[in-house]
Structures are given as structure tokens and as C-alpha cells.
Amino acid sequence: MTEKITSPQWELTIVDADTPSGRIRALNCLALGDVDNDGHMEMFTGGGNALLWYRAGTVKRGVVAEGSAHVGLAIEDIDGDGSLELACHFTPKNGKPTISWFKFEGDIARPWAMHVIDAAPTGEGHDVLFADIDGDGENELIVNACYCPVPGLFIYKRGSDPKKPWHRHMVQQGVVEEGLAVADFNGDGKLEIASGVRLYLQPEEGPFSGPWRSIVVAPDAREMCRVRAVDITGNGRPDLVVVDSEYLDGDLSWFENRMEEAPDRPWVEHHVEHRIYYGHSLCADRCPNTGAVRIMVAEMARGGWEQECNQDARVMLYTSKDNGTTWNREVLYQGAGTHEALLLDIDGDGMEEVVGKEHWVSKVQVYHQVAVPSPIASYRHVFIDRDKPQTGTDILAVDVDGDGLVDIVCAKWWYKSPTWERFEIPGICQVIAAYDIDGDGRQELIAAKQRTDGQRPPWLFNELCWLRPIDPLAGTWETHPIGTGIGDWPHGATVAPILPGGKLALLTAYHSAHALEQGATPHYPELWEIPDDPASAPWPKRPLAEILYGEEIVTHDMTGNGLLDVVAGCWWLENKGDGSFATHAIADKDEFYPARIGIMDVNGNDRPDVILGQEVMDYPKKIVPWSPLAWFENPGPHGDGPWKRHVIDTVRCAHSIGVADLDGDGEMEVICGEHYPFHAYRSRCKLFVYKKADSAGISWKRWTLDDRFEHHDGTKIIELSPGRFGIISHGWRDSLYVHLWEPPR
Numbered sequence: 001m002t003e004k005i006t007s008p009q010w011e012l013t014i015v016d017a018d019t020p021s022g023r024i025r026a027l028n029c030l031a032l033g034d035v036d037n038d039g040h041m042e043m044f045t046g047g048g049n050a051l052l053w054y055r056a057g058t059v060k061r062g063v064v065a066e067g068s069a070h071v072g073l074a075i076e077d078i079d080g081d082g083s084l085e086l087a088c089h090f091t092p093k094n095g096k097p098t099i100s101w102f103k104f105e106g107d108i109a110r111p112w113a114m115h116v117i118d119a120a121p122t123g124e125g126h127d128v129l130f131a132d133i134d135g136d137g138e139n140e141l142i143v144n145a146c147y148c149p150v151p152g153l154f155i156y157k158r159g160s161d162p163k164k165p166w167h168r169h170m171v172q173q174g175v176v177e178e179g180l181a182v183a184d185f186n187g188d189g190k191l192e193i194a195s196g197v198r199l200y201l202q203p204e205e206g207p208f209s210g211p212w213r214s215i216v217v218a219p220d221a222r223e224m225c226r227v228r229a230v231d232i233t234g235n236g237r238p239d240l241v242v243v244d245s246e247y248l249d250g251d252l253s254w255f256e257n258r259m260e261e262a263p264d265r266p267w268v269e270h271h272v273e274h275r276i277y278y279g280h281s282l283c284a285d286r287c288p289n290t291g292a293v294r295i296m297v298a299e300m301a302r303g304g305w306e307q308e309c310n311q312d313a314r315v316m317l318y319t320s321k322d323n324g325t326t327w328n329r330e331v332l333y334q335g336a337g338t339h340e341a342l343l344l345d346i347d348g349d350g351m352e353e354v355v356g357k358e359h360w361v362s363k364v365q366v367y368h369q370v371a372v373p374s375p376i377a378s379y380r381h382v383f384i385d386r387d388k389p390q391t392g393t394d395i396l397a398v399d400v401d402g403d404g405l406v407d408i409v410c411a412k413w414w415y416k417s418p419t420w421e422r423f424e425i426p427g428i429c430q431v432i433a434a435y436d437i438d439g440d441g442r443q444e445l446i447a448a449k450q451r452t453d454g455q456r457p458p459w460l461f462n463e464l465c466w467l468r469p470i471d472p473l474a475g476t477w478e479t480h481p482i483g484t485g486i487g488d489w490p491h492g493a494t495v496a497p498i499l500p501g502g503k504l505a506l507l508t509a510y511h512s513a514h515a516l517e518q519g520a521t522p523h524y525p526e527l528w529e530i531p532d533d534p535a536s537a538p539w540p541k542r543p544l545a546e547i548l549y550g551e552e553i554v555t556h557d558m559t560g561n562g563l564l565d566v567v568a569g570c571w572w573l574e575n576k577g578d579g580s581f582a583t584h585a586i587a588d589k590d591e592f593y594p595a596r597i598g599i600m601d602v603n604g605n606d607r608p609d610v611i612l613g614q615e616v617m618d619y620p621k622k623i624v625p626w627s628p629l630a631w632f633e634n635p636g637p638h639g640d641g642p643w644k645r646h647v648i649d650t651v652r653c654a655h656s657i658g659v660a661d662l663d664g665d666g667e668m669e670v671i672c673g674e675h676y677p678f679h680a681y682r683s684r685c686k687l688f689v690y691k692k693a694d695s696a697g698i699s700w701k702r703w704t705l706d707d708r709f710e711h712h713d714g715t716k717i718i719e720l721s722p723g724r725f726g727i728i729s730h731g732w733r734d735s736l737y738v739h740l741w742e743p744p745r
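Counting from 1, one number per residue, gives the positions in the sequence shown under the working numbering.
Keep in mind the hints are simulated off the structure, nothing from the lab. Computed from a prediction, not measured in an experiment: that's the story for all the values here. From the three backbone atoms N, C-alpha and C, an ideal C-beta is built for every residue, glycine too. Be careful, since some hints might not be right.
Once the Cα atoms are required to be at most 30 Å apart in a straight line, the calculated DSS-like pairs of lysine-lysine come out as [to be verified]:
no., residue 1, residue 2
1, Lys541, Lys589
2, Lys416, Lys388
3, Lys164, Lys190
4, Lys93, Lys190
5, Lys449, Lys388
6, Lys644, Lys701
Quick list of the computed label-pair ranges, beta carbon to beta carbon [to be verified]:
no., residue 1, residue 2, range
7, Gly135, Leu344, 25 to 35 Å
8, Ala371, Asp403, 35 to 45 Å
9, Ser580, Pro637, 18 to 28 Å
Starting from the given sequences, assemble the full structure and let the hints guide the process.
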């Protein structure tokens, strides 16, 4: 077998990262079909709370029914009216498990009519499909009922009225199997059923006369698998493709059908690949144009037994042009798990897509082929520093030496562009902000001084100062004290002209903001009035707002009245023009406490929206669970109504957020870096870039620029040259590194 880089490239679109009806814990099933005969294919998926529909290429979506849908979902014209309906194992809200089918009546956007096939199935319908088992020209429903209370394989035969319960016939009962395929494998003119590693043959008296005889096709394979029937050898008989679906050490094999010529050895295994990680997506066909056999396998990000996340989950296409003798493997996409994915042209553009969804972390996905990759995909990593001596709390892009080139500042060092030589800034521990404080046309720095009281760590302190660069290459700076902050150390800071008359103020938020919850003195964000002579000290200060917030602070005109307001996590603070600020909620702090902030007009209505990453970390278990990266829709015109949340993606602690037009098309992208403070240099954190896939900002394209480094208060934007933007970042535990991702020159 050979492996090659795919051409054309494939890009991932997250159609929905916030599935409706109670934010489903898991998405189980997936099916595709044009159910309303409008020429547009719909996607159907469901899980713990609802069965859902999505229209490909649009933002249209809705709920088929509220309740729990299992893995199997089949599409069929059940009532013979020329339109497609859905069938699955379904437990209605506040109801009992059923096998049911669903039909929309007049309006796909309204709840669909549900008709019960079996009101008391014996097990959970993990796999379902339609096939004409008895040869009467009408398809029956085959259900592989895995797991409790009693597993089995069953056929459902409809009566004259499909809306009434169907007749259930047993193929086998008591054996747990996953995977389902139907074909005439032995050439007797009757359909057999492949379920798991077994093949079930019809009784001589007919398919409904009793249990079916079984033979084991794959003696070395496990019973939880995906199976597909396809003629691989080219002799006109279906062979069987099997991949392990619930194991992190799975195999992909195809089994040559020799039932007619070698009844003593009817199935011969041909191994294709080992170490398939939870291969819960399998498609197989013979291409009508080229005659080549294709097998598509996609891996889950995490399997059914709470295994560690598979950061390298793959979507793979295996192709054979010599009837299965050799196979070529193409990795279509790597780095996003999927479940029950399908390969077909969903949008009618003549190119196939991979349509899938994540199982445990609910996301609906489409992988698109692109002839010309986005410029975003070409960004490459450069180390600015591999041995920074101290952890940094922030990273900034600043022209330190006044030569017109933007440098990088992190902790108490600055890196000169374009060589990125490191220079120390004496007498401080952390640079927290930059601004032209004295109006001389050159940026100065705001910093926290080096701790001298012997307490640890010495590089986190709340005594602030203002630094003017005199000869920064020689280490000469003019230092002026500002004062001492109320909190332990500034975790967010900015300087902006937000006071009456456009006077400058320094805003600071502190890491210890939540001390009040432990009964200590409140640690509210502070506003420091910058005097006319900024060299005079201390700068007058007062609480900015009585909010328990200790992260990034951003200023922006949120209402369009010409005054800079303040965005501080879950709140935005309205500038009243007299030095006071009115507090408005963006999100419920008990449900969504953010770490970092981005501002952009996402939906194009000329109102600034707010992008927030939720900070969730489990310190006792030393894990970082999945949490939302979301944008909150500005209700306008005064921003004082509820801000609707739209989830872009679920990531591991979005503690770094940036906004920039990286591809130069006039539209802003969102940059996000993951934070994982428990395992230095081995956290596999990712750097993502997101671009709107629709004008409303509901679906998002995602590129993974890197998957090696942890990020903390990073992913800031630096203009390397006019119109050429890079991404700078650093980590909390990955403290030695300072990073730059830049486009090709």
C-alpha cells in the first residue's frame, strides 16, 4: 500500500456546534436525502434530546421530533407517496423506546408526524436499513438491536396501513453485534443479512418462518464493527468490507466471497490496514466511471468507553484499481473525529463531500474538496524564542525601538523585528499594555515591577510602572511608578481614551478577582486616570465596575455614539460620557465565564459582536474539558437587550482569541488557541482559524494551523509588513516558547 498527499485539498466546515433542543450530549445517527423533493438534499442527525434536520449549503435547520434517537437512521418512501421518510429507534420525550418512522406533513420546519412500528422493541436499534427480504417488491425494515434489554436481529414487515404497528420477525436473538449490510451473497436469488462478523442465511421455508442459520465470515474480527457489501474482485458477487468500530486498535479488512466455488472455505480475509482508531464510518462502492473500488473509513475522536481523545482522527479513502490486490490510501483530512460519516455529493456541485458529525462532542460537519487551498492553510510556524527564561502573562505587538517595524514583547523581554533578537527590559517582571501615553508619537509600555518581597513567584506582582524607551537596544529605559493594584497581578490590561474629553485611562483586571467568593476583599477591575503629567505618581484610581472579573479587557464603541465602551468578559460597560460606566450583561457569568475577548461584526449588520472563549478547567482531575468558543450577537441599537449566543466550536479552553483578515478578502477571521496548564509541552493543544461559511455566522470553516503548543493570552495579531499579518503566541506551561505563524513571503 502507498500513501500520498491528497489533491485537491479538503476543508472542514462546522455546520452546527450547538445542536438545538437542549444541547444534545451525543449525536448518534446520520442520514441524507431530499425529503421534500425541492432538489436540495437534507442532513438528518439526532441524539439525546432530538432528531434534527439541516439543509445543505444553507442556514435552514429544524427539529423533526423531540426525544432520543439511536445510531441507526434509514430513509425510505415508506407510505409510497413519492416522498422520503425517516425510520429509527426513537424514544419520545417522556416516553418509552420505540421503532418509529417520521413524515413531514406540509412544512418540513414543523414537527413531523411520528408513527410507531414497534412499541416495545427488545433491544436498542443500533443499525437499521430497508431491503426487499421476501422478494415481493416492497422493502422491509431490518433492525440490528444491540445491547439491553435483549439484543437481536429483526425484520419488520408492514401491513396494508404502514401507520399501524408492523409485524416483527426474529432472525436471531441474544447475540450482540454492530454493523449491517444486505445482499445476495451466495447467488441463490435471495437476500442474506451480514450483521457484525456473521452472515445470516434465509430458512428454506421463507424469511419469516423462524431463526436464520448463521456462519462466521470473520473469525478473527470482533463483533462491534461496520460492514459494507461491494463487489471488489469484479466477478459480479458482493464481497464484504469490515472495520472495527468500537476499538482503538481496529483492523480494516475485506473478505473475498467464495461461497459458490469453495463452500468449505467460503470467505478469505484480505487485510488492508491495522490501527484504525474507532472506525465508526464506512462507505464502499465501485466507481462507475473508472471501475476502481473505493472504501472510505473515518475515525472517531473518542470511542464509547471514554478513551482519551484521538487528536489525529482521520478521514481516509482507500482505492484499488486491480480488484483488491493493492490499495492506495489517501488521508482526506486529519485532526477532527467524525461518526457515521457518508461520502457523496450533497450540494450538487459535481464534487463529493464527506458529511459527518462528532459523537460525544456534538457537531455537524461537512468536509469539502477545494481545488485551490485557502491562503490560511499556508501559514507556517517560526520559533521566536526557544528558551525564554520566565513565564509570560501576555504577549504584545509593539514598535519598541521606533524604527517603523513592529516588534514582539513578552514578559520582560522584547524581540526586535525582523531578526527577533531578544533584549531584556530591566526592573520589571511583566509588560501588560502598550500605548503612546505622553503623546510623543511613540508607544510606551505599562508593566508590573519585579517582586522584591521574597514571596513566590517573583514574576507575578501588582506594582505597576510606566516605561519610556530611551535606547532599548542598550537596555536604557525611563521608569515612572504608577501605583499598586488591588489584586495579586494584572491578568488583563488596556489603555484607551475613555474619560471625558478623550483623556486616557489605564484599565486593569486581576487574577484574584474571585477572592470575594472566598470571603476576601473584592477584587474589582480598576480604572487609573492618567494625569496630564504621566510622570507624576501615583495615578488616581477607582473601581471600574463592581464585577468579579479578572481577565482580558477590551475597549470598543459598542453603540456607535462615538464613545469607547468597555467589554469585560460577561459584561459590557457603557460609557456615559461623564467618567461613569453602566454595567450590562452579555452572558450569564454562572453559565459562561470567559477568558479572552474578540470584537467583530459577525453577521454584517454594522453592530460589533463579542467573541468569547469559556474558561473551564478541572484542577482536581488535571484535565481540560470541552467548552464553547462562541460569539454573542449585539442586540442593538443600544446593546441593552439579551445577547444571543452562537457557538462557533467546542475546544479545550479558548484562552487565546484574535481577530484579523488573514486571507485578505476583506472579511475578518477568528483565531483561537487552546489552553491546557497541566502537562507542559505534551498537551497537544491546537491553534485554529475560523472563517464564516455563511453570512449569518452560523456555520464556520475551520483550519488547524498547529497542534503542538499550548496558548495563554496569546494568538495576537502582528502586521509584519503592510497587509501581511502574522499570529504571535506563547503558553503558560509551555513557557520557554514564543511563537510566530506567518504566511509565505
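Against the structure, the hints:
For a cut-off of 30 Å, the pair hint linking lysine 541 to lysine 589 stands: about 26 Å separates their Cα positions. Note on lysine 416 and lysine 388: the hinted pairing holds, with a Cα-Cα distance of about 15 Å set against a maximum of 30 Å. Taking the CA atoms of lysine 164 and lysine 190, the gap is about 28 Å. The hint holds against a cut of 30 Å. Between lysine 93 and lysine 190 the alpha-carbon distance is near 39 Å, which puts this suggested pair outside the 30 Å criterion.
A distance of roughly 18 Å separates the Cα atoms of lysine 449 and lysine 388; the hinted pair therefore holds under the 30 Å criterion. At most 30 Å may separate the alpha-carbon atoms for a hinted pair to count; lysine 644 and lysine 701 meet this at roughly 21 Å. The hinted window of 25 to 35 Å between glycine 135 and leucine 344 holds, with their beta carbons roughly 28 Å apart. As the Cβ distance of alanine 371 to aspartate 403 is approximately 41 Å, the hint placing it in 35 to 45 Å holds.
Distance hint check: the CB atoms of serine 580 and proline 637 are about 21 Å apart, consistent with the given range 18 to 28 Å.
The structure does not agree with numbered hint 4 stated previously, though it agrees with all others.
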